[in-house]
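A.B. asks: Sequence:
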Amino acid sequence: MRYAKKKELEYDVVVVGGGLAGVCAAVSAARHRARVALVQARPVLGGNSSSEIRMHIAGASCHFGKNNLWETGLLMELLLENKSRNPYHSFSIWDSVLWEKVRFQKNLDLYLNTTMDSAKVAEGRITDIICRQATSETEYCFRGKIFVDATGNGTLGYYAGAQVRMGSEAREEFNEADAPEQANNYTMGNSLMFIASDRGEPVPFKKPAWAYTFTEDDLKLRGHGNDTWYHGENGITEEYVAESGYWWIELGGDCGNLIDKAEWVTEELYKTVYGIWDHIKNAGDHGAENYSLDWVGCVAGIRESRRIVGDYLLTENDILENRIFEDAVAYGGWPMDEHAPHGVFDKDVMPTRFINFSGCYTIPYRSYYSNNITNLMMAGRDISTTRVALGSTRVMATCAVGGQAVGTAAAMAVELGCTPREVGAHIRELQQILIKDDCYIPGYRNDDPEDFAPEAVITATDFIVGSEPEKIVTGITRAIGDESNCWESGELSDGPQTICLSFAEPRALGQVRAVFDPNLSREIMISMTRTVQEREVKYMPPELVKDFQVRAFCGEDCVYEQSICGNTRRLCVLDLPQRISADRVEVTVEHTYGYPRARIFEVRLYSDVQAVPADMK
Numbered sequence: 004m005r006y007a008k009k010k011e012l013e014y015d016v017v018v019v020g021g022g023l024a025g026v027c028a029a030v031s032a033a034r035h036r037a038r039v040a041l042v043q044a045r046p047v048l049g050g051n052s053s054s055e056i057r058m059h060i061a062g063a064s065c066h067f068g069k070n071n072l073w074e075t076g077l078l079m080e081l082l083l084e085n086k087s088r089n090p091y092h093s094f095s096i097w098d099s100v101l102w103e104k105v106r107f108q109k110n111l112d113l114y115l116n117t118t119m120d121s122a123k124v125a126e127g128r129i130t131d132i133i134c135r136q137a138t139s140e141t142e143y144c145f146r147g148k149i150f151v152d153a154t155g156n157g158t159l160g161y162y163a164g165a166q167v168r169m170g171s172e173a174r175e176e177f178n179e180a181d182a183p184e185q186a187n188n189y190t191m192g193n194s195l196m197f198i199a200s201d202r203g204e205p206v207p208f209k210k211p212a213w214a215y216t217f218t219e220d221d222l223k224l225r226g227h228g229n230d231t232w233y234h235g236e237n238g239i240t241e242e243y244v245a246e247s248g249y250w251w252i253e254l255g256g257d258c259g260n261l262i263d264k265a266e267w268v269t270e271e272l273y274k275t276v277y278g279i280w281d282h283i284k285n286a287g288d289h290g291a292e293n294y295s296l297d298w299v300g301c302v303a304g305i306r307e308s309r310r311i312v313g314d315y316l317l318t319e320n321d322i323l324e325n326r327i328f329e330d331a332v333a334y335g336g337w338p339m340d341e342h343a344p345h346g347v348f349d350k351d352v353m354p355t356r357f358i359n360f361s362g363c364y365t366i367p368y369r370s371y372y373s374n375n376i377t378n379l380m381m382a383g384r385d386i387s388t389t390r391v392a393l394g395s396t397r398v399m400a401t402c403a404v405g406g407q408a409v410g411t412a413a414a415m416a417v418e419l420g421c422t423p424r425e426v427g428a429h430i431r432e433l434q435q436i437l438i439k440d441d442c443y444i445p446g447y448r449n450d451d452p453e454d455f456a457p458e459a460v461i462t463a464t465d466f467i468v469g470s471e472p473e474k475i476v477t478g479i480t481r482a483i484g485d486e487s488n489c490w491e492s493g494e495l496s497d498g499p500q501t502i503c504l505s506f507a508e509p510r511a512l513g514q515v516r517a518v519f520d521p522n523l524s525r526e527i528m529i530s531m532t533r534t535v536q537e538r539e540v541k542y543m544p545p546e547l548v549k550d551f552q553v554r555a556f557c558g559e560d561c562v563y564e565q566s567i568c569g570n571t572r573r574l575c576v577l578d579l580p581q582r583i584s585a586d587r588v589e590v591t592v593e594h595t596y597g598y599p600r601a602r603i604f605e606v607r608l609y610s611d612v613q614a615v616p617a618d619m620k
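Each residue of the sequence shown is one higher than the last, beginning at 4 in the working numbering.
Hints in this document: simulated from the structure, not taken from any laboratory.
It cannot be assumed that every hint is accurate.
List time: in silico DSBU-like cross-link candidates among lysine-lysine, alpha-carbon distance up to 30 Å [said to hold, decoys possible]: (1) LYS264 <-> LYS223; (2) LYS350 <-> LYS274; (3) LYS210 <-> LYS223; (4) LYS264 <-> LYS549; (5) LYS209 <-> LYS274; (6) LYS541 <-> LYS69; (7) LYS109 <-> LYS123; (8) LYS9 <-> LYS109; (9) LYS148 <-> LYS123; (10) LYS148 <-> LYS109; (11) LYS274 <-> LYS210.
Now the in silico label distances, taken between C-beta atoms and shown as ranges [as the list claims (entries may be wrong)]: (12) GLU418 <-> ASP550: 29 to 39 Å; (13) VAL299 <-> ASN116: 18 to 28 Å; (14) ASP220 <-> LYS9: 55 to 65 Å.
All residues carry an ideal CB built from backbone N, CA and C; glycine is no exception.
Whole structure, please, built from the sequences with the hints as guidance.
C.D. replies: Structure (structure tokens):
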């Protein structure tokens, strides 16, 4: 194809794919001073969570099933910002939140509607990729030091000659109890969502001639209409509502190569959606008489395709054992779910089988870079796992925290002038950077020698027993078991509540970091499903600190003061305009979004500022 313009561009890190994993990878790398390009084939960011597909963001918390396990870091930053702007779950507003986070991040350039066509490889490393932006009729050649495959399909890795897998491993290969006896090429299928609205009066629906026909027997194992559905095999109760689409409208897992058949599968799903809607409207009482069909997706949500092989393949046994890896950089907790490969047309098979486990597991750094392409990393569902383990690692929140880890590691590789594999020799440093950036790594805590807050004498105006002031320097920023790991103040109705960090001698101070509580057991995700919306708070989490003040003193003199009103972040980073000398730092909470007491998990103090500010160009 002939293009009018050709541009050759050089970056430190090139991220291909703009789902949540790619967004978090790109933003994280940029904040750690790498020059980053984010190349996205679609007109919007967010992947399966975008307005094109509209799937809500699942993760380790398992929809309230596991307390205090919601993902933090960049994902929490995005979710809280969305909550502040978007009480009615508009996916267009969610698109804008993601676009803003990328578009206005210093060191980061965004290329939407830009499709990768090819990759050039020399001596086992990617030198550049060729991409085309149809809207501007421009051909781009992106050169980079580190490339990140966040395509979901492992497209960049595949084009570059990385080792990939697709389908199920045989049971004996990794001794996985839930793997099939023989390897096969089955995958989970794709889904197409829809939205309907209650019009308050009967609304007829005429089935198109091309739509499929479904009977009640065809859908006997799939909740539809307005229905409460009990999965006896799994002990799970689900509420289905006619206006919110159905994740089980799924096809393509049995077609041999879902990527090759992608357009055919989407067309089949389109026929299926209209056929199922016809059944709901016209075949018995499904509580949908007054509903009209408002929107049917034209882009299918993809669950599974290629996985790029790294130095380690995460397995089912790692997950079931809640394994804590020495090189852990991310975590998951979603059950391993195995979807019926024939999808909706396999009427006698449950749409999914959940392999449940308690707790959470870690994901090793070795699963995030290619074993044979030396400068290739992976972020998203294409990381190095077995197919059984993929059932858990593929969900979007898990992909997002892995993406942040990858972006941080990519920036470190650039800074050190080494390969992603060689970053593994600096794994403790990488882990501490991630924890500092509010990423949770089970089994690890803040041990940053540059943070001098643990040296302070810590007092407060008041506290709740079990949530004493000194909890802010435990190094863990969420409740675990019976440990609150936070300071919880007295009643804010009695006046502002202050926590104070004092030192015997003045210290050089350049940055203050505070971690607040948005309630990591409560969902705050974007969703088009009424049952999810109804169990969420409409506006900001009540527990989150809204208005607070930071003051630093040297003796009796206040040498720094900053007030934050309308805070929307769990991690708040305050960079002082210049380094000062202080022997006391106070954080005073004036208001939350409704909770009667202040809750602070951590306060960190640094002499120097080391990261690129967020939301800047």
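A.B. asks: Below or equal to 30 Å on CA atoms is what counts here, so check LYS541 against LYS69.
C.D. replies: holds, 21 Å
A.B. asks: Regarding the pair LYS9 and LYS109, is the alpha-carbon distance no greater than 30 Å?
C.D. replies: Distance ~25 Å between LYS9 and LYS109 Cα, so the pair holds.
A.B. asks: Using the C-beta atoms of VAL299 and ASN116, is the stated range 18 to 28 Å upheld?
C.D. replies: holds, 22 Å
A.B. asks: When you take the CB atoms of GLU418 and ASP550, is the distance between them in 29 to 39 Å?
C.D. replies: Check passed, 37 Å falls within 29 to 39 Å.
A.B. asks: Quickly compare the C-alpha distance for LYS209 and LYS274 to 30 Å and report which way the hint goes.
C.D. replies: holds, 14 Å
A.B. asks: Does LYS264 pair with LYS223 here, judged by a C-alpha cut-off of 30 Å?
C.D. replies: OK: LYS264 and LYS223 at ~28 Å, within 30 Å.
A.B. asks: If you draw a straight line from the CA of LYS148 to the CA of LYS109, is it 30 Å or shorter?
C.D. replies: Distance ~19 Å between LYS148 and LYS109 Cα, so the pair holds.
A.B. asks: Given the proposed pairing of LYS350 with LYS274, does the C-alpha separation stay at or below 30 Å?
C.D. replies: Roughly 17 Å separates the two Cα atoms, so the pair holds.
A.B. asks: For the pair we were handed, LYS264 and LYS549, check the Cα-Cα distance against 30 Å.
C.D. replies: Status violated; Cα separation ~49 Å.
A.B. asks: Quick one, are LYS148 and LYS123 close enough, alpha carbons at most 30 Å?
C.D. replies: With Cα atoms ~13 Å apart, LYS148 and LYS123 stay inside 30 Å; holds.
A.B. asks: Has the given pair, LYS274 with LYS210, been kept, meaning a C-alpha gap of at most 30 Å?
C.D. replies: holds, 10 Å
A.B. asks: Do the alpha carbons of LYS109 and LYS123 lie within 30 Å of each other, as the hint requires?
C.D. replies: Holds, at about 28 Å.
Checked against the numbered hints given earlier, the structure breaks only hint 4 and satisfies all the rest.
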